[in-house]
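J.: Single-letter residue listing:
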Amino acid sequence: MSELYVPSPTHGLTGESVSLQDIEARVLDAFPEITADVVRDELTLHVAPDQLVEVMTFCRDDEQLSCELLADLAGIHWPAGDHIIERQASTTGWPEYRTSREHGAIEVNYILRSVTRNHWFRLSVATPDDDPRLPSVTDIYKTANFHEREVYDFFGVEFTGHPDLTRILMPDDWLGHPHRKDYPLGGVEVDYKNDKFIPPPDQRDLREVVD
Amino acid sequence: MAIDPNAETRTGRRGRGADAKRDREVELYVEGADWETVVDAVEDETLTVNMGPQHPSTHGVLRLVLELDGEVVNKLTPIIGYLHTGIEKSAEFRPWVQGTTFVTRMDYLSPLFNEAAYSMGVEKLLDIEVPERAQAARVILLEFNRIASHLVWLATGGMELGSTTMMVFGFREREHILDLFESQSGLRMNHAYIRPGGLAQDVTDDFVQRCETLLELLPRKIAEYEDLLLRNPIWNDRLRDVGHIDAQTCYDYGITGPLLRAAGVPWDLRKSNPYSGYEQYDFDIPTESAGDCFARFLVRIEEMRQSMRIIRQALDTLPGGPVMVADKRIAWPSQQSLGPDGIGNDPEYIRHIMGESMEALINHFKLVTQGFTVPAGQVYVPIESPRGELGYAMTSTGTNKPYRVHVRDPSFVNLQAADVMSRGHMVSDVVVVVASLDPVMGGVDR
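Here the protein sequences line up with chains A and B, keeping their order.
First residue of the first sequence: 1, per my numbering; consecutive thereafter.
First residue of the second sequence: 212, per my numbering; consecutive thereafter.
Pulled out of the complex, with its shape left as it was, chain A reads as follows (with noise of 0.2 angstroms):
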């Protein structure tokens, strides 16, 4: 079944250790254009999107590396405008985040995880919300199947060459992708027994749901 998959020689937990900084280090010779950060212990990677396939087949691929797994694929979904958190700083303690984006995202991220070496790092793609789009990694991961369907059916993303983009945990005919940001929670028609149409939480009038 894995015809693309050189079978690596080493099986479980037998390779050296690597750190986040040799890591970082070692793909980040290879591709100097990648951005990395290391946040609470996590080495993400800013990947962009032409050089998604690539950097993916050098991480599984390397020996050093060696990523075997990809754990996980999951998108988040950023629109634009600005996001002003109100909160009171000064009862709460935490700093205060503000955020202002001009252009909608849909960030995608892949968790590699390396059995023989036992570690793992994040490959951050963002892509345009209007328009999003990315290469599927089907060939390099098979488990990226089922993911990518997942992302596609909650956000939209088209993963070009992907075998079979259908929607996954969604009815085949429903419109919009749900997780979108711009997805309301609730008041999707509905066929219920006697025709009524449930509007949003927000939108709600409970004394007529008490009726």
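If you're looking for bench data, these hints aren't it; they were derived computationally from the structure.
Mixed in with the good hints, there may be bad ones.
As the list claims (entries may be wrong) - With a straight-line cut-off of 20 angstroms between C-alpha atoms, the simulated PhoX-like cross-links for lysine-lysine are: (1) 181/A <-> 539/B; (2) 577/B <-> 300/B; (3) 181/A <-> 300/B.
To be verified - Facing chain B, according to a computed beta carbon distance under 8 angstroms, are these residues of chain A, among others: (4) 34; (5) 35; (6) 39; (7) 43; (8) 71; (9) 76; (10) 115; (11) 122; (12) 142; (13) 145; (14) 179.
Glycine is no exception: its CB is placed at the ideal position from the N, C-alpha and C atoms.
Fit chain B to the given chain A structure using the hints.
T.: Chain B only, in chain A's frame:
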């Protein structure tokens, strides 16, 4: 489907188009004639059969589309989504603490693992350390949950192969473990007992005693299962050399947990990336080299024994002290003792917030109505669930609600391999393969 036009049968073809995609667009219809001659007339015998979505032996609402050549599976396509409840989306609209009540309903056979992974994600974002007693109690409950989950796998797997005895045995012992959970959290399943910062409340006075009773009971029962199944000819014939998968294919399909260990890789996040104090306990990672369904059975049986070893050590060294972090901005008062009505109403605490300190009352009110805020950032927290790597990828923007919670559910990932595992096997082996994957559809569909 193509038909030999010279065959002397009363079969015919009904074309849909003049010459477009002739091979695919033709329907075969049969009017009388012997089946043998009809079959001879057909070159490609591939038959597409639907299994599910409510087949009793498909672990919840799973649908499989099988492409069969005779009785041999050529291709298997899992179709999922029937149990999708939008938990990840709903969690974005509730405070951080309430997230535990959502995620515990995903993988309903290992609810505590979901709670623990979620809570550990929030704790990593908050950068707080959970008290030792809470960590040890978490380990004990998680390992009991692992045993309970494996018991359900054994019970349902046995039932699917016709062993109703195993089904009754498995559920019987699981009920004892659920009794323990009920005594601690109030609920058999979906506990919401492990919370960000520690536990919802301290374990009861008879907690250790209850665990001891279970530790005495379970080894005898597990030996009983082995007596029943290990040399059982039907069990051996159905499981051995079925659903074979090697380590490299496991890597390719992202498979972790007992399936990877049954393929010979000693990979366990409890050992490789210890969390919640697992580094203190001495235990082995059971592995098998065969990589078939029988190897998975052996691995899971041995894992139950190893879980009991961990529980034994954790009970012996169970430390005292609080079970919730001391930070009043985060901690719900966990020292509240249960009243006769089963609801925590510690008179000391009530006196403090109602009679002594206005600030404490305000803090309590804000904590209950708004919850706490969590610093911005992204984390990925993986733990070893009974089915493999359970990962929580959480994003906070600094508010009192998660910006995004993504769950890497092991069932969801492992289910993809059902295709490669059942190719070349008979239809009846598909049931064995799916059972050995141990998918929980609540986790797959989320």
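J.: None of the hints should be skipped; say for each whether it holds.
T.: Consistency of the hints with the structure:
Proposed proximity of residue 181/A and residue 539/B is contradicted: the alpha carbons are some 32 angstroms apart, above 20 angstroms. The suggested pairing of residue 577/B with residue 300/B is violated, with an alpha-carbon distance near 24 angstroms, which exceeds 20 angstroms. Simply put, residue 181/A and residue 300/B have alpha-carbon atoms about 10 angstroms apart, close enough for the 20 angstroms limit, and the pair holds. About 17 angstroms separates the beta-carbon of residue 34/A from the nearest beta-carbon of chain B, more than 8 angstroms, and the hint is not met.
A distance limit of 8 angstroms between C-beta atoms decides the matter here; for residue 35/A the minimum to chain B is near 15 angstroms, and the interface restraint is violated. Because the smallest distance between the Cβ of residue 39/A and any Cβ of chain B comes to about 6 angstroms, under 8 angstroms, the interface hint for this residue holds. Because the closest C-beta pair between residue 43/A and chain B is about 11 angstroms apart, greater than 8 angstroms, the hint is violated. The beta carbon of residue 71/A is positioned within 8 angstroms of a beta carbon in chain B (closest approach about 6 angstroms), and the interface hint is therefore held.
Satisfaction of the interface hint for residue 76/A is found here, the shortest Cβ-Cβ separation to chain B being roughly 5 angstroms, below the 8 angstroms cut-off. With its C-beta approaching chain B no nearer than about 5 angstroms, residue 115/A sits inside the 8 angstroms limit, and its interface hint holds. For the restraint placing residue 122/A at the interface with chain B, the shortest Cβ-Cβ distance is roughly 7 angstroms, inside the 8 angstroms limit, so the hint holds. Evaluation of the residue 142/A hint against chain B yields a held restraint, the C-beta minimum of about 5 angstroms falling below 8 angstroms.
With a least beta-carbon distance of about 6 angstroms to chain B, the hint placing residue 145/A at the interface is held under the 8 angstroms criterion. For residue 179/A, the shortest C-beta to C-beta distance to chain B is roughly 6 angstroms, which falls under 8 angstroms, so the interface hint holds.
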